[in-house]
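What follows is each chain in one-letter form.
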Amino acid sequence: MILNRRSLMTTALTLGAMKAFPGLSFAQARPLVFATFTGSWEEAHKAVLVPAFRKANADAAMVLDPMLSVDQIAKVNAAKANPPIDVMLHDPGPALVAIGQDLVEPYPVEKSAYYKDLIAEAQEPMGPAPFFQVVGLTYNPEAVKTPPTSWADLWKPEFKGRVGITNLNSTLGTGWLVEIAKMRGGSEANVDPAFKALEELKPNLAAVAANPGALATLFQQGQIDISPGNFNAIQILKARGVPVEFVAPKEGAIAFKTTIHIVKNSPNRELAFKLIEAALTPEVQTTLMNPPYLIVPTNSKVTMGGEIARVLAKDTAELKKKFVFQDWKKINEQRSAWIERFNREIKI
Amino acid sequence: MGAAPASRDVTSYGMGLAAPLALFFLLFFVAPLLQLFWLSLHNDTAGLHWGLGQYLHFLADPFSLSVLGSTLLLGAEVTAVCLVLGFPIAWLYQRVGPRLQTIIILIVLLPLLTSVVVRTFAWIVILGRQGIINATLQSLGIIDTPLKLLYTQFGVVIALAQVQMPLMTLPLITALGRIDPNLDDASCSLGAGSWRTFFRVVLPLSLPGVIAGCTLTYAAAITAFITQSLVGGGQMLFMPMYLYQQASTLQNWPFASAISIIFLLAVLAVVSVFTTLGRLSRGYGGA
Numbered sequence: 033m034i035l036n037r038r039s040l041m042t043t044a045l046t047l048g049a050m051k052a053f054p055g056l057s058f059a060q061a062r063p064l065v066f067a068t069f070t071g072s073w074e075e076a077h078k079a080v081l082v083p084a085f086r087k088a089n090a091d092a093a094m095v096l097d098p099m100l101s102v103d104q105i106a107k108v109n110a111a112k113a114n115p116p117i118d119v120m121l122h123d124p125g126p127a128l129v130a131i132g133q134d135l136v137e138p139y140p141v142e143k144s145a146y147y148k149d150l151i152a153e154a155q156e157p158m159g160p161a162p163f164f165q166v167v168g169l170t171y172n173p174e175a176v177k178t179p180p181t182s183w184a185d186l187w188k189p190e191f192k193g194r195v196g197i198t199n200l201n202s203t204l205g206t207g208w209l210v211e212i213a214k215m216r217g218g219s220e221a222n223v224d225p226a227f228k229a230l231e232e233l234k235p236n237l238a239a240v241a242a243n244p245g246a247l248a249t250l251f252q253q254g255q256i257d258i259s260p261g262n263f264n265a266i267q268i269l270k271a272r273g274v275p276v277e278f279v280a281p282k283e284g285a286i287a288f289k290t291t292i293h294i295v296k297n298s299p300n301r302e303l304a305f306k307l308i309e310a311a312l313t314p315e316v317q318t319t320l321m322n323p324p325y326l327i328v329p330t331n332s333k334v335t336m337g338g339e340i341a342r343v344l345a346k347d348t349a350e351l352k353k354k355f356v357f358q359d360w361k362k363i364n365e366q367r368s369a370w371i372e373r374f375n376r377e378i379k380i
Numbered sequence: 002m003g004a005a006p007a008s009r010d011v012t013s014y015g016m017g018l019a020a021p022l023a024l025f026f027l028l029f030f031v032a033p034l035l036q037l038f039w040l041s042l043h044n045d046t047a048g049l050h051w052g053l054g055q056y057l058h059f060l061a062d063p064f065s066l067s068v069l070g071s072t073l074l075l076g077a078e079v080t081a082v083c084l085v086l087g088f089p090i091a092w093l094y095q096r097v098g099p100r101l102q103t104i105i106i107l108i109v110l111l112p113l114l115t116s117v118v119v120r121t122f123a124w125i126v127i128l129g130r131q132g133i134i135n136a137t138l139q140s141l142g143i144i145d146t147p148l149k150l151l152y153t154q155f156g157v158v159i160a161l162a163q164v165q166m167p168l169m170t171l172p173l174i175t176a177l178g179r180i181d182p183n184l185d186d187a188s189c190s191l192g193a194g195s196w197r198t199f200f201r202v203v204l205p206l207s208l209p210g211v212i213a214g215c216t217l218t219y220a221a222a223i224t225a226f227i228t229q230s231l232v233g234g235g236q237m238l239f240m241p242m243y244l245y246q247q248a249s250t251l252q253n254w255p256f257a258s259a260i261s262i263i264f265l266l267a268v269l270a271v272v273s274v275f276t277t278l279g280r281l282s283r284g285y286g287g288a
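First to last, the sequence lines map onto chains Y and B. By the count of our numbering, the first sequence reaches residue 380 at its end, each step adding exactly one. By the count of our numbering, the second sequence reaches residue 288 at its end, each step adding exactly one.
Worth double-checking, as some hints may not be accurate.
Stated by the list, open to error - No farther apart than 25 Å at their CA atoms in a straight line, the calculated lysine-lysine pairs in the PhoX-like style are these:
| no. | chain 1 | residue 1 | chain 2 | residue 2 |
| --- | --- | --- | --- | --- |
| 1 | Y | 188 | B | 149 |
| 2 | Y | 379 | B | 149 |
| 3 | Y | 214 | Y | 353 |
| 4 | Y | 188 | Y | 354 |
Unchecked claim - Now the in silico label distances, taken between C-beta atoms and shown as ranges:
| no. | chain 1 | residue 1 | chain 2 | residue 2 | range |
| --- | --- | --- | --- | --- | --- |
| 5 | Y | 140 | B | 20 | 46 to 54 Å |
| 6 | Y | 179 | B | 146 | 22 to 30 Å |
| 7 | B | 67 | Y | 347 | 46 to 54 Å |
Source of the hints: derived by calculation from the structure; they are not laboratory data. Bear in mind the structure is a predicted one, so any value in this text is a computation, not a measurement. C-beta atoms are modelled at their ideal positions from N, C-alpha and C, and glycine is treated no differently.
For reference, chain B alone in the conformation it holds in the complex (with noise of 0.2 Å):
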């Protein structure tokens, strides 16, 4: 025992204990996402010249940045409709009673509880020429040829939506969770409408969990190679299975490190626009 004790500031930690996880990030994170990078830079399949040329080939090609530009509005897409309608579930939750909170949660997580795989299979049979859908429009008479529901991509931002629901429903129950409901009340004496309380005082406070959830939902939705390869079909190029069919059929590592690197600056360039819209959130919602 060295030094005594009592010295030492109460508000400062060892950094030891972080130690064993910033090891394990390093080893099984950075190290393979710089060795991605350092194939990135090569010229040839071989990995033998070095040079920017496959970043080249991307950025100048009007086709790849197209894939890129589909994904990104592909996430925005499923992220908005994740918003519209989880919003009203999880401000629903807060103002029913424990059963029905207990019957919502139980909905919400549900989906978390089935195989990616699996739900997206349900989603062919709902969209299907014979699905669900088509099948009680036709009964109806409502159409008279099947809608093209399956393998466009509509069907694809529905189904995204479906799977990813709960990384949005679950922050924004946490984030309303936490507003007192007397400042509805508050509000309301001070003569706003309802709408008018909505708008001023509960979405504002519920910003950082607004912020999360679109923050989960976005990179999970573009980055859905399952669910965006089955119910978008063969021809529906996003980023992922673009990164495939050049790692996997075309053996063309460096191009498909190359494409990975810039999926990624995309998606943190993005995400960083939610956070800077977090941070003004909070000066907005203090006023």
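Just chain Y, same shape as in the assembly (with noise of 0.2 Å):
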């Protein structure tokens, strides 16, 4: 090699601009990142999921990204060569969003441990799910004195004004509004019921709120008396001193599977998978449904306890009675539309 001062020139700039970006080495490992959810999400899985995963994994280094699921997909989407992350967490519908654009790896079902444990519904080839959301009836118990019962009740005519919901950007506001069309005899397919049920509401509501956070907020401002919400959400408020309390509508409450995806392209395959089994695992699973995390757990060696076996279901039997699981393939075919009607429609 033929040291002159051009090729001395660029070895240098080289070595500098590698000092400089580190990112620019490629080869370089990173460690492992794991998109989880924002709020109660983070705290709990900080807490519980990470240690566990550490301490099998001889302090193997990781970080948390918490985001919420569609700015995973995006930022997954934008470098899909070289992900800068390597487990998401997703809801049902951009579950199959990303599973759609070819985002996500298969779970190596055979390598798992703990896998053929998850009972029926959380077996998802794409990514298990670890964990449920369940979204039934929220209310406060100060102002409502009779506990409600079902969906029906919040167009009780004595809950004028004091009704919250969210609108369709949510898991949440979805998932109700398909439930609220079964209960009017549609479906997945057809919402049109919900809709004209929704128009019979109006008097009633007092807010639609932006998202199940700003839902949260309304609960402790005194806004609204009644809405649907997030088991998880509402025992953080409860913990805060909120009066507030969570009941499953007798039509049954309805259940989000949260899956949990290794990125397709990730440097850190080996690592993601260890994450998610720790995730499966009946340890991390106990600790997160016990207080103050009180997460529906999947594994079916898991005992119900607590607050969860009081006011959810006291086995994985009475559970899978008790929730409703809904096809979010059919919903993201029409989601766009119903975003858009709703958006039309409903002015309060």
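From these two lone chains plus the hints, build me the complex, please.
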């Protein structure tokens, strides 16, 4: 190799650039990146899942990167060949989008020690469901003396100007709309009855929140007294002393599978698998089921207890009987049309 | 050293110093904008078919146009409130002693030191059914049932006006400070009353500040995603939320790009109206 001024200069510049921008050297290993949800999920995963994973994997380097499902998809989509995330967490709607856009790898089921212990609904070959989210009725027990029992209670005249809902940007809002459609004879393919029902609900509506977080605030402010709501979100409010209770309506509480996926082309495939395995273990799921997290477990070997056993289900058999799972493939087909219709029709 | 420095015109500047910034803008502003425009020219979400379909979809839909219209109107309302409330503060600032000036500037700047999210949540507390306003009015016996303030256009305008107020007041303070106080006295000694002095002397001379303040407030108000969605709620749709829905929830990037381009052009049109007014005002002020 001939050393001349130019090649020396190039080498020096390259080395300098690599020093200045360490991300440029592609071969360099980066820590495992786990994109979880913000808020209570981040807290729960930081406190329970991450330590369990580190303990089982010799303190392997990993970081939590909390963001919404849709943002995870956008980030991975923007850099498919060298994704900035290794493990994604998704609600059912976004999960199907991520799978449809070829952003995730099938879960290596045959290698997994815990996959077969999951209840059937949680066994998803493209990414198992380590957790459930449950949507039912939430209400302020100080203002609502007789606990509601059915979605139909939201239409009662006594709740005039006191009901809150979210718009269809969220899984909560969309899932609830489908349940209302079913209650009035519709289905995932036909939500016309739900829109008619929403029209009748207008006198009762105090607020349409832009997202589930804003809905929780409304309980704190006394702006609303009853709404469809997420079990976990309510537990956080309760822990802060806000008078709020959760009931599963007699039509069945809506259950969303929260699935966890290995991102395609991840440079940390093996560690990603191990993190997901940790999320499926009975130990992690039991800890997450107990206060203060109260996350519904999916491993059938976990014995239900505490608040979850009291309000939701005593075991997986009862859980399956009381929970309603929705067809998100059908829902995704028309979701944009529903959002557009909601934008147009729901003005209070 | 080639050319003699003396031969260089002292009023001409080398463009070299501006090059780094120009490059920065090209890379991180112009290039993404062009990419956005390129994306908006596709008819399908996968970005395979070229066409103007997204723009036609927006412009032929009365609903989309009404969202654009209500967003531009919201900006106008907020700007008007800020101007009406901000002008007296700025005027007062120029007429009080240094101690009070410090207090006024502190009050004006204080909102900028708090996060928009915190300020917006404060407005939820104030405007709510059991908020400060409703609780006071009820305890005074003025109203029986709580007024609906949150989730109304009124609520959004008031909250946005408070959040964006510094953007209006600061240019006004600067503009009013440049007016020679002797002009007031001159106007009065020539027989004009204080209102006449205000409308014929102070207001025209402060117009550059008014225009600058209006432009800043307007641009900030119509793009204020957080305040619009938290105080307006999920059923009041403005352009930023419309964009967010299409881009994030529905992953319909071409339509979202088209919405942003249309929004950008609409805002540019409004801002150019402001600047034209500013040019006209210079002629008026000199008359």
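How the hints compare with the structure:
A threshold of 25 Å between alpha carbons decides the hint, and for residue 188 of chain Y with residue 149 of chain B the separation of about 21 Å falls inside it, so the pair holds. The suggested pairing of residue 379 of chain Y with residue 149 of chain B holds, with an alpha-carbon distance near 14 Å, which does not exceed 25 Å. A hinted pair counts as satisfied when its Cα atoms are at most 25 Å apart, and residue 214 of chain Y with residue 353 of chain Y qualifies at roughly 17 Å. For the given pair, residue 188 of chain Y sits about 24 Å from residue 354 of chain Y by alpha-carbon distance, which is consistent with the 25 Å threshold.
Checked against the hint of 46 to 54 Å, the C-beta distance between residue 140 of chain Y and residue 20 of chain B comes to roughly 52 Å, which is consistent with it. A hinted range of 22 to 30 Å for the beta carbons of residue 179 of chain Y and residue 146 of chain B is consistent with their spacing of about 25 Å. Range check, residue 67 of chain B to residue 347 of chain Y: about 52 Å between beta-carbon atoms, so the 46 to 54 Å window is met.
Of the numbered hints stated above, none is contradicted by the structure.
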